[in-house]
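There are 2 protein chains.
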Amino acid sequence: MRDQVTISLDAMGGDRGAEIVIAGADLALVRHPDLKLVLFGDSTIIAATIKSYPRVEAAALVEHTDVSIAMDTKPSQALRHGRRVSSMWRAIEAVSKGDADAAVSAGNTGALMAMSRFVLKSLKGVERPAIAAIWPTERGESIVLDVGANVGADADQLVDYAVMGEAMARTIFGNPSPTVGLLNVGVEEIKGVEEVRKAGRRLRDEDLPINYFGFVEGNDIGRGTVDVFVTEGFTGNIALKTAEGTAHLIAAYLKAAMSRSWMARIGYLFARGAFNALREKMDPRSMNGGVFLGLNGIVVKSHGGTDAMGFASAIDLAVEMVRNDMNEKIAHGIELYQVQRDNAGAATPMEAVAK
Amino acid sequence: MRDQVTISLDAMGGDRGAEIVIAGADLALVRHPDLKLVLFGDSTIIAATIKSYPRVEAAALVEHTDVSIAMDTKPSQALRHGRRVSSMWRAIEAVSKGDADAAVSAGNTGALMAMSRFVLKSLKGVERPAIAAIWPTERGESIVLDVGANVGADADQLVDYAVMGEAMARTIFGNPSPTVGLLNVGVEEIKGVEEVRKAGRRLRDEDLPINYFGFVEGNDIGRGTVDVFVTEGFTGNIALKTAEGTAHLIAAYLKAAMSRSWMARIGYLFARGAFNALREKMDPRSMNGGVFLGLNGIVVKSHGGTDAMGFASAIDLAVEMVRNDMNEKIAHGIELYQVQRDNAGAATPMEAVAK
Numbered sequence: 005m006r007d008q009v010t011i012s013l014d015a016m017g018g019d020r021g022a023e024i025v026i027a028g029a030d031l032a033l034v035r036h037p038d039l040k041l042v043l044f045g046d047s048t049i050i051a052a053t054i055k056s057y058p059r060v061e062a063a064a065l066v067e068h069t070d071v072s073i074a075m076d077t078k079p080s081q082a083l084r085h086g087r088r089v090s091s092m093w094r095a096i097e098a099v100s101k102g103d104a105d106a107a108v109s110a111g112n113t114g115a116l117m118a119m120s121r122f123v124l125k126s127l128k129g130v131e132r133p134a135i136a137a138i139w140p141t142e143r144g145e146s147i148v149l150d151v152g153a154n155v156g157a158d159a160d161q162l163v164d165y166a167v168m169g170e171a172m173a174r175t176i177f178g179n180p181s182p183t184v185g186l187l188n189v190g191v192e193e194i195k196g197v198e199e200v201r202k203a204g205r206r207l208r209d210e211d212l213p214i215n216y217f218g219f220v221e222g223n224d225i226g227r228g229t230v231d232v233f234v235t236e237g238f239t240g241n242i243a244l245k246t247a248e249g250t251a252h253l254i255a256a257y258l259k260a261a262m263s264r265s266w267m268a269r270i271g272y273l274f275a276r277g278a279f280n281a282l283r284e285k286m287d288p289r290s291m292n293g294g295v296f297l298g299l300n301g302i303v304v305k306s307h308g309g310t311d312a313m314g315f316a317s318a319i320d321l322a323v324e325m326v327r328n329d330m331n332e333k334i335a336h337g338i339e340l341y342q343v344q345r346d347n348a349g350a351a352t353p354m355e356a357v358a359k
Numbered sequence: 005m006r007d008q009v010t011i012s013l014d015a016m017g018g019d020r021g022a023e024i025v026i027a028g029a030d031l032a033l034v035r036h037p038d039l040k041l042v043l044f045g046d047s048t049i050i051a052a053t054i055k056s057y058p059r060v061e062a063a064a065l066v067e068h069t070d071v072s073i074a075m076d077t078k079p080s081q082a083l084r085h086g087r088r089v090s091s092m093w094r095a096i097e098a099v100s101k102g103d104a105d106a107a108v109s110a111g112n113t114g115a116l117m118a119m120s121r122f123v124l125k126s127l128k129g130v131e132r133p134a135i136a137a138i139w140p141t142e143r144g145e146s147i148v149l150d151v152g153a154n155v156g157a158d159a160d161q162l163v164d165y166a167v168m169g170e171a172m173a174r175t176i177f178g179n180p181s182p183t184v185g186l187l188n189v190g191v192e193e194i195k196g197v198e199e200v201r202k203a204g205r206r207l208r209d210e211d212l213p214i215n216y217f218g219f220v221e222g223n224d225i226g227r228g229t230v231d232v233f234v235t236e237g238f239t240g241n242i243a244l245k246t247a248e249g250t251a252h253l254i255a256a257y258l259k260a261a262m263s264r265s266w267m268a269r270i271g272y273l274f275a276r277g278a279f280n281a282l283r284e285k286m287d288p289r290s291m292n293g294g295v296f297l298g299l300n301g302i303v304v305k306s307h308g309g310t311d312a313m314g315f316a317s318a319i320d321l322a323v324e325m326v327r328n329d330m331n332e333k334i335a336h337g338i339e340l341y342q343v344q345r346d347n348a349g350a351a352t353p354m355e356a357v358a359k
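As given, the protein sequences belong to chains A and B, one line each in that order.
In this text, residue positions in the first sequence follow the working numbering: the first is 5, and each later residue adds one.
In this text, residue positions in the second sequence follow the working numbering: the first is 5, and each later residue adds one.
Keep in mind that the hints were calculated from the coordinates and are not lab data.
Careful: at least some of the hints might be erroneous.
To be verified - With a Cα cut of at most 25 Å, we get these calculated DSS-like pairs of lysine-lysine: (1) B:LYS78 x B:LYS40; (2) B:LYS101 x A:LYS78; (3) B:LYS125 x B:LYS78; (4) A:LYS285 x B:LYS259; (5) A:LYS40 x A:LYS128; (6) B:LYS128 x A:LYS202; (7) A:LYS285 x A:LYS101; (8) A:LYS40 x A:LYS78; (9) B:LYS259 x B:LYS40; (10) B:LYS55 x B:LYS78; (11) B:LYS285 x A:LYS285; (12) B:LYS40 x A:LYS259; (13) B:LYS128 x B:LYS101; (14) A:LYS78 x A:LYS55; (15) B:LYS259 x B:LYS128; (16) B:LYS333 x B:LYS125; (17) B:LYS40 x B:LYS128; (18) B:LYS125 x A:LYS259.
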């Protein structure tokens, strides 16, 4: 457990840039008074805001950058124009240089992932990084990955995701043996794509130190049937956003229901405390932060449209993962799996030939 | 618009079989007094239940079958053992023989789809049928397909889904020009699988009589951004079930919030009418029924665990589609698209060669 943690922040990222980043950093510093920060961005803009936040001013080093990556910049363009000189690049680079333990950005996901892969490189044995989200469930919280780093995944990559998600669950839930499930469809006839079935066989048959539960379906996510839900990025991204849309829809229904009559409005006044608690529980800001898993360094993506409270949650998440050595846990898990895979390869000559 | 509609029912399908099917039929007959029914199943079981429902007894013909398909039977087994002799098979066969206009079953989805394909065959020009679901949205209702008939879909199949979903939206929403969107992921870098992009280009560039909106994301479903959401069956199935899980989770939050204090409980009493309205709005039974699109006949799959009210909704849906000639609309749409596709093939020799 590390005591001194330094987080680098892309102060220009997100829909509202420095204003939210600095206000969020201020909230995070209340919870983590020993935290150190490095802010990358336009020093004039940062200076104008930071003076209202003495806590941030005291804890942060400001590094000037000339270039900001816009929210709609394509990853290839971001790499071309933002390499070495953008606030986003420099925040990630601080991690690779050892100047920070983790980076947080509310900038555009595609650019952030492209730069993170370029600067930090994948962990040994990991073919492709994934983005993990923390999901509220009836049993507490679960992790879902990949929610959009890549489209499609083969069996090896799905098993990588399982290993990485399991390490993240151990880190942030403090659960020594989190359960892992593979998202699949329930219809017998089609029982999923071949790669999902193959990944399922590996997770079941190989002697990995993973508490593999089996296949799970979409409705198991809300139930919290397992601690880690593994799927490829296209489906994961659509599932995540579908859930957000559903929560929004129900909130709209609830609002309409509570204003439809005088009786309902009086009821609302009495139950206001309960409604506030519910609102807090459903608040997407408290779950803000997609974690990039499988890189030589920790990067957390905050929602671009979040506010200070949401950005502070993303910083919290980064701090927690640094304090609990998440990347070492992932690297260790991947290494174990590699050994398994290589042994399995040697045991079946036909497979070795096929390779 | 047809006046006389006959629906065949698999009286043995679903978790509770004849009991729910007959009670559901009774509710449907209140709304559609002219409806005729054919019930397939064990005549002893049916006779024991039907005598409590004189309305059903008067409107229904009962056809005895010896075999019922269990909820966990694999489609291949269902075809082997249930061919010609099961209640499910016979209900579908009634549609192909012209004895019924549509079939409804709460039996297992895989078996029902396999038998429907076998008995009814695909509509001319449709490679694969899809399952469409009606989804509540902030703007009313939308259609999402495929929610699990097949895993994966190529560009041609996605365009077929778009054509079929559009026809269904015209039929059940009475909207002469429903909008159609393709589900995709938002991250710039990966902007979806090649097949989705290809389908998007076709829907945009070819001169189909479809009001194509463009790509949409998961959160657009709850918003009701378009009338028809098109995706392949793996993602669609997981999105549908994820939304169900989210609704269940929020209902649990709400229940907990409303019982956490005396004030909240008093508020609940005042707002009880509003809560009941909300519950009705969120009731999955009112949206019950997955529609099999792209077959020579209409088949509606009811949720296996539904009650009489839910089963009645599935019958309603079947009646509505028969009354409004949905299959003729789909067949016409597919034919137009076929002509377009063939013309397009002839217009670009390179493509013709590649074919």
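Verification of the supplied hints:
{"no.": "1", "hint": "B:LYS78 x B:LYS40", "verdict": "violated (31 Å)"}
{"no.": "2", "hint": "B:LYS101 x A:LYS78", "verdict": "violated (56 Å)"}
{"no.": "3", "hint": "B:LYS125 x B:LYS78", "verdict": "holds (20 Å)"}
{"no.": "4", "hint": "A:LYS285 x B:LYS259", "verdict": "holds (13 Å)"}
{"no.": "5", "hint": "A:LYS40 x A:LYS128", "verdict": "violated (29 Å)"}
{"no.": "6", "hint": "B:LYS128 x A:LYS202", "verdict": "violated (35 Å)"}
{"no.": "7", "hint": "A:LYS285 x A:LYS101", "verdict": "violated (38 Å)"}
{"no.": "8", "hint": "A:LYS40 x A:LYS78", "verdict": "violated (31 Å)"}
{"no.": "9", "hint": "B:LYS259 x B:LYS40", "verdict": "violated (42 Å)"}
{"no.": "10", "hint": "B:LYS55 x B:LYS78", "verdict": "violated (33 Å)"}
{"no.": "11", "hint": "B:LYS285 x A:LYS285", "verdict": "holds (22 Å)"}
{"no.": "12", "hint": "B:LYS40 x A:LYS259", "verdict": "violated (42 Å)"}
{"no.": "13", "hint": "B:LYS128 x B:LYS101", "verdict": "holds (18 Å)"}
{"no.": "14", "hint": "A:LYS78 x A:LYS55", "verdict": "violated (33 Å)"}
{"no.": "15", "hint": "B:LYS259 x B:LYS128", "verdict": "violated (50 Å)"}
{"no.": "16", "hint": "B:LYS333 x B:LYS125", "verdict": "holds (17 Å)"}
{"no.": "17", "hint": "B:LYS40 x B:LYS128", "verdict": "violated (29 Å)"}
{"no.": "18", "hint": "B:LYS125 x A:LYS259", "verdict": "violated (46 Å)"}
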